[in-house]
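Trainee: Read off the chains here:
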Amino acid sequence: MSMEMSDTKSARPVTPVTIASVRGLKVHFQSKAGRVHAVDGVDFDVRDGETLGLVGETGCGKSVTGRAFLRLLPVPPGILAGGSVMFRPQTTCPDCQGDGCERCDDSGRRPAPCPKCRGQGCTTCDQTGIESLDLLTISDARMRDIRGDRIAMIFQDPSKALNPTLTIGEQLGEVFLQHRHADLLAAAGIAEDQPGWQASALRRLASQQDRGTDRLLVKLSGAMRRKHRAIRQALDERIAAALSETQIPNPQRVMQSFPHELSGGMRQRVMIAQALACDPDLIIADEPTTALDVTVQARILDLVRQLQTSRGSSVIYISHDLSVVRHICDRVAVMYAGRVVEIGDVEQLFTNPRHPYTQGLLAAVPTTRTPRGQLAAIPGSVPELIDPGPSCRFADRCAKAHGPCASHDPALQPVSAGHDVACFLEHPITTASRARA
Amino acid sequence: MNFERRLELRPLVVTTAIGLLFATGAFAQDMRDTIVHGADEEPATLDPSQVEPGAGGEAVIFHVYDRLLTVGADSADLLPSLATEVPTRDNGLISEDGLTYTFPLREGVVFHDGTPFTADDVMYSWDRVIEMAMPEGASDILSDKIAEMRVVDDFTFEVTLNQIDASFLYSSVLPMTASIVSQDAVEANGGVAEGEPNEFLSGNPVGTGPYQLAGWNRTENLTIEVNDGYWGTPAFDNVRWEFGLDPDVRVLGLRAGEFDTVETDPSYIADLEGVEGVIVYGEGLLLEPLHIGFNLNIPEGVLPSGDTIPLDFFHDVRIRKAFNYAFDYNAFVNGALAGFGQVNPHYVPIGVFGYDPEAPIYDTQDLAEAERLFREAGVWDEGFTVSVVVESGSLFEIQCLILKDSIERLNPNFRINVAGVAEAVFDEALAQSPVEYAMWAKNGDPAADPSAYLETYAHPDGEWGEVHGFANGYADPEAVGALIDAIAQELDPATRADLIGEAQRVLYDDPMWLIGAQEGAVTAYRDTIKGMVIQPLWPRPSMNFALYDKQN
Amino acid sequence: MQLRDYIIRRLIVLPILLLGVSIIVFSLTRIAGSPVGVYLSHEMSAAEVLQIEQRFNLDKPLPVQYFYWLKGVFQGDFGWSGVASAPVADVFPAKFAATMELSITSAIVAVALGLWLGTYAGVRRNKMPDHITRIVAVSAASLPLFWFGILLLIVFWANLGWFPVGRSTNDIWESIAHPTGFYIIDSILAGSLTALLDALWHLVLPSITLGFGGVAIIARMMRSSLIEELQQDYVDAARAKGLPERLVLKRHAKRNALVPTVTVIGLTIAFLMQGAIAAEIIFRWPGLGRWMADAVVRGDQATIMTYVLFTSVLFLLANLVVDIIYAKLDPRVRLGD
Amino acid sequence: MTDASSPLRRPSLPRETALRVRMRRSGELAVKILSNPTTIFGFVIILLMLSMALFAPWLTTPNAPDPYQMPRDWGALRMPPGTPNHPLGTTNTGGDVLYGIIWGSRTSLQLSIIVVSVTVVIGTAIGSIAGMVGGKIDEILMRIVDVFLSIPELIFALAIAAILGPSFTNIILSLCLVFWVKYARIMRAQIILVKQNDYVDAARIMGDSRLNIYFRDILPNAATPVIVQATLDMGAIVLIGATLSFIGLAESGIAEWGVLVSEGQAGIASGRWWASTFPGLMIFLWALAFNLVGDGLRDALDPRTEGR
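Protein chains in written order, with this note's numbering: chain A, 7 to 443; chain B, 1075 to 1626; chain C, 18 to 354; chain D, 4 to 311.
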């Protein structure tokens, strides 16, 4: 695939295993004025270990697409109007127990086997033997297991995404308690199937399913208090470890702090620590540096990059900042008005943009060579997405618009290996299938 | 209403309660029942020297103390009590000159604290009231009349009056002032000091009465229990007064059986008639005429700003008469009082000695006559505005509203402002002399003898006569004063009755009050109470619990 | 440390405010007239009135009278209640207990029900339960408490006869001792189930009446702040962690929504104090409110003064407690700024 | 620096456009307010009440000489609804309940208009002085406000009304004495907030007089919460005023809803429900209407709270 990719961007060569694929995703919002087609048929794949950039103007649907992975869409007024988000969770490689071997490309992880056929291949998994979940249709309980554990999210503004009334420790701890309570119990010396009401009470406490009486029991019984303290201690160790991984100095103190007592950069580090706590397969980073000072941005970006490489997680990096995307991503998908208009390797796309929108976007990025006072802009404004008709969404603003653009809807089609564009300039044959559909 | 259904729930609770009570044994021994009375007003004090006439304490004092004489249930006639005989001229206990009264006293009577009763106690009790002269109390009833008191021997007591006074014996019946307290108990607890309330006696009555105080939880209740060592006919049951309850709550409590007797007024009787287990008692009249006073003594510049009347407005007898003609008596008696009451002439109430039923009275609204008199007085065309001050929310206020409606309907230029004020404000307004309102409404204090009324409410030199300047209004003030004095001093009943009848006629022609009605003596009680009787001469609510027997 | 300083500062200001309140009310009462009326009967002579004025120092100049009143207050003497025919200080404890019992019960009803209802509606925004809650809330805020109480009386007492008026059934009340004056507590101390049931039975209608308005206020605020909190990023962040909705709601959204709601609960305390007057009149509850109403109608100034003073003490303390809870709930709050 | 001499005199054109913008905005605002059905419901009730108050002399025969006194029919006490001449029944003193309801709307209207206008003016003035002048004066005014805020409003008003004596005028007076505090506080806070805006600084730099700045730049921008609060208080004041008269602080016999509810309560044990029920319903509807309109106004003026 991306043969020209520089070493700094990926530590290891990847076989193009697709960890997630989005097909025909449509998310609409019901408003008083009508139905807003915020995301209207988005297709793309996320490959294992890669960083996929999702770029576009505000309101193009990139955040909604990102949130669809975690089903964090407000429903209503949001409507999941169609499509699928297939996700292949990874599991510790059974051959090397995570140490890294040939079969798992030294990553220590392999796609989880299909639970129905145990990896043998069946109709459910399309004979691949690999578990594949449609994140839009799985049960809420299954979704919760995936959230924070297999797929995590880094939010745009850490000052809003951290609960102001809970300490950092409490908020980070929730992730471990939710997904790693078995480890915590084990660390405290309680086996998963240990009988007895005391063990049950502690298990409930460790998995945040405690009843009102459980806390009382812990207060009353000395033995339980000791065990509980052991759980808390194991938890604290994990929280501290997660924090120091994001290069937070003095994690013990930070754990006791409330979000408003930390700087913006520190808060985003906390968010990152929280997202990475359970070694997720996929991280949705929704403009994680927009709310930060420029000086802090770079350090945070480096940190994300570094942690991602060391863990081999995949990242969907949502941003409107092309220079950042170019710096950090392996591949880029350009979105416009609820559609992906161009997708490809970062070098290909930046050196040879094919879609007029991408071209305009790139031209708008000021470089050191841009003369003073000559900032380019794309004329016109983003169209309203209420009940759009069959036409290229960009047609109104496109200098190269011609015949079919106004009456037909272009589809994403390859122009070169790993580089797809949806534009009639590239595919003059009227493939108006979507318009008729 | 669906009252029966409300009662259905009670057995459930009561059964549980009884079960529990038996378990604790709280109810086990006491064979005596307790009559529970829903009272109107809590006593401020139980000291006979300090209790106000008509205040809640008077009823308690009535039951725990005795007086020298008493009034029976059936009539206004005097009966012996701590004195063994009622002094009369015939039995020689009133001296020939009518000034000296001798009271032979009962022997072997003991106070609740065990000390014996003697003539010294009588002397001490009356002296004490006169000496303390508490402003709240009514010491002048004794001090105005008595020239000298003497202890003749242990069981003979003598009083000499300033002048002949036909109503004096009734003074010895009044629970406030005339009750006999234990000298030893008082001397041991603060003694007597002029103008200083006695703390001990205000909460710890030591008397000889048929009851003794058992407990007083301020703001909640007061219990008296039967005095087993009583010299006279013993009482049947203990009594508990429950305080702090609105009239309608008392009525409900009676319906629900929480109370055996209640203090109520005619407007609630409709809610009680026909209720199972409740008997409505509606015989006789209270001796507290509901009146509206005319002020004939208004100083310059004190009237409320809206009033347009001249200061001598009520000096004109035609105007006073016109008001009396204009009032809608029917609305008051049959509407507000629900028929429990009677139109009353003037200050010789129905039921006191000497009342002459033949004398003319204002008893029907006569608007034509009222108009004629107003025109004659020259106020018809110009009109007037006058304020009448009254306690807001009271029956008296309703009387004022009826007056307002009556007068204002007569002529749109006539305006009556009903100035409803708080009770304390009203009391303060009336304590001013002269009063800063042209009119006010309240009721009279009960008395057993017509002279008490006539002197207080009609005599130009009497209490209100002075304050209101009756002398400015009577056609012949001296004659009225002389007539009332004569009634007070006339000891021959027949002659006295004639004089009283004459006074009624004089006061009809020259009225100083507008008397809306004489309120009916009504009450209601549970049918478990036997022997119910009401005597308006007993302190409010005119009940003597010693006569009532509760039978379950 | 900072919180403690704040509390101390507030407690120091409290008596100053009370002094201000007492001066205002005292001067107002005395401008309108002497309180001598409660000691008088309507047929006293001027000399007798003067005698009584001297006994109570009412013949002195106004500032001296205020000094005597203040001195009395410090000695626990609040004057003579003409309404209760007893010293204010003697009557106060029992009435206070009665009112507190009612107010606390109502507050519990209002807070518990209000929070629950607000949460229920807020989570189901724009669905049926939410619409109903909104209608109930706006209606309840407009409902004259005294009228609502009367409607309850008409239905549940006069017609159905399910609930009584007053505070207790007399015989049951008499059957136990009253060391605290709180009927519920006393009945538990006495171990009397009958008395406890009697206490609760009498509390039902008045506490519903009194609590209802509070429910509305609290539910309304809880609903709107919960809706606001549910739109915050940190709620999505909590969901993104994989937390079950129960915890997202309880630990994150609801807890934070409580912050603004707590200030409204503070307002509800004032609402309860005010409402207690009408509720006590309607249900014949022998508490401070009814006493105050009687005092107002009969011009009993000593009672009015005491009531106003105690109400403002309670009110200020309650507000202080609310501030403290507020600071505890939200670490960002810096008190006293 | 006077306006005329100032070289930086503000051109008159922007003010006109500002006015036009404001007019356009108020048109939009009206549309926005009226798009809410519950607000319209509130308006309808208010209109009905107002017309009832306006046409009271034609709807009933006014009681002579004082129409604000209940006409008492002493021959028809405690009559149930449906009695001839008394469609909604009579009170304990023979007052016609329907008459009380109709004329009570006038009493309530007087009460709320007088109290709200007086307290808004006083409160705005005091709050403005505190907010504009600041310093010692602000400090003193706010300490006075603190004292007033140490007692719940109704209880303070109750105490004052009790002292003044029972009359409807005194209820109005006592509410005026208590309610201004609220507006003073809102106004002061708003002014301090608005003062921080750049356009106020700009106006100051331009050399506008303080009074000018206050009336042109600060007051209009600070008034919104006061307007909303005043609308809500139109209802709340009738509620509190009725509570005071219920407790017994109005003169008796006056056609006032709270008085009627109070008079009626004595009869409910005996099944006379009507004398309390109907007037209470009127108080409820009155307060409800103003609450609905006030809420609608707040939603329209402060979009942040919409739908709550």
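The hints are simulated quantities; they were obtained by calculation from the structure and are not laboratory data. From the three backbone atoms N, C-alpha and C, an ideal C-beta is built for every residue, glycine too. A hint or two may mislead.
[What the hints assert, rightly or not] Pair by pair, the computed Cβ-Cβ distance ranges are:
id, chain 1, residue 1, chain 2, residue 2, range
1, C, 346, D, 90, 51 to 57 Å
2, D, 212, C, 133, 51 to 57 Å
3, D, 41, C, 133, 20 to 26 Å
4, D, 212, A, 333, 54 to 60 Å
5, A, 37, D, 31, 40 to 46 Å
6, D, 149, C, 72, 32 to 38 Å
7, B, 1457, D, 31, 55 to 61 Å
8, A, 370, C, 341, 18 to 24 Å
9, C, 338, B, 1380, 47 to 53 Å
10, C, 172, D, 41, 23 to 29 Å
11, B, 1457, C, 76, 40 to 46 Å
12, C, 48, B, 1457, 42 to 48 Å
13, B, 1288, A, 225, 48 to 54 Å
[As the list claims (entries may be wrong)] Keeping only pairs whose Cα atoms sit at most 25 Å apart, straight-line, the calculated BS3-like set for lysine-lysine is:
id, chain 1, residue 1, chain 2, residue 2
14, A, 38, D, 35
15, A, 166, C, 267
16, C, 144, C, 267
17, D, 139, D, 198
18, C, 267, A, 225
19, D, 35, C, 144
20, A, 225, C, 345
21, C, 77, C, 88
22, C, 77, A, 166
23, C, 144, C, 88
24, A, 38, C, 144
Trainee: The structure should be examined with respect to each hint, and the outcome stated for every one.
Mentor: Evaluation of the provided hints:
no., hint, in the structure
1, C:346 to D:90: 51 to 57 Å, "54 Å, holds"
2, D:212 to C:133: 51 to 57 Å, "55 Å, holds"
3, D:41 to C:133: 20 to 26 Å, "24 Å, holds"
4, D:212 to A:333: 54 to 60 Å, "56 Å, holds"
5, A:37 to D:31: 40 to 46 Å, "19 Å, violated"
6, D:149 to C:72: 32 to 38 Å, "37 Å, holds"
7, B:1457 to D:31: 55 to 61 Å, "57 Å, holds"
8, A:370 to C:341: 18 to 24 Å, "54 Å, violated"
9, C:338 to B:1380: 47 to 53 Å, "49 Å, holds"
10, C:172 to D:41: 23 to 29 Å, "27 Å, holds"
11, B:1457 to C:76: 40 to 46 Å, "42 Å, holds"
12, C:48 to B:1457: 42 to 48 Å, "34 Å, violated"
13, B:1288 to A:225: 48 to 54 Å, "51 Å, holds"
14, A:38 to D:35, "14 Å, holds"
15, A:166 to C:267, "18 Å, holds"
16, C:144 to C:267, "21 Å, holds"
17, D:139 to D:198, "18 Å, holds"
18, C:267 to A:225, "22 Å, holds"
19, D:35 to C:144, "22 Å, holds"
20, A:225 to C:345, "22 Å, holds"
21, C:77 to C:88, "15 Å, holds"
22, C:77 to A:166, "65 Å, violated"
23, C:144 to C:88, "60 Å, violated"
24, A:38 to C:144, "17 Å, holds"
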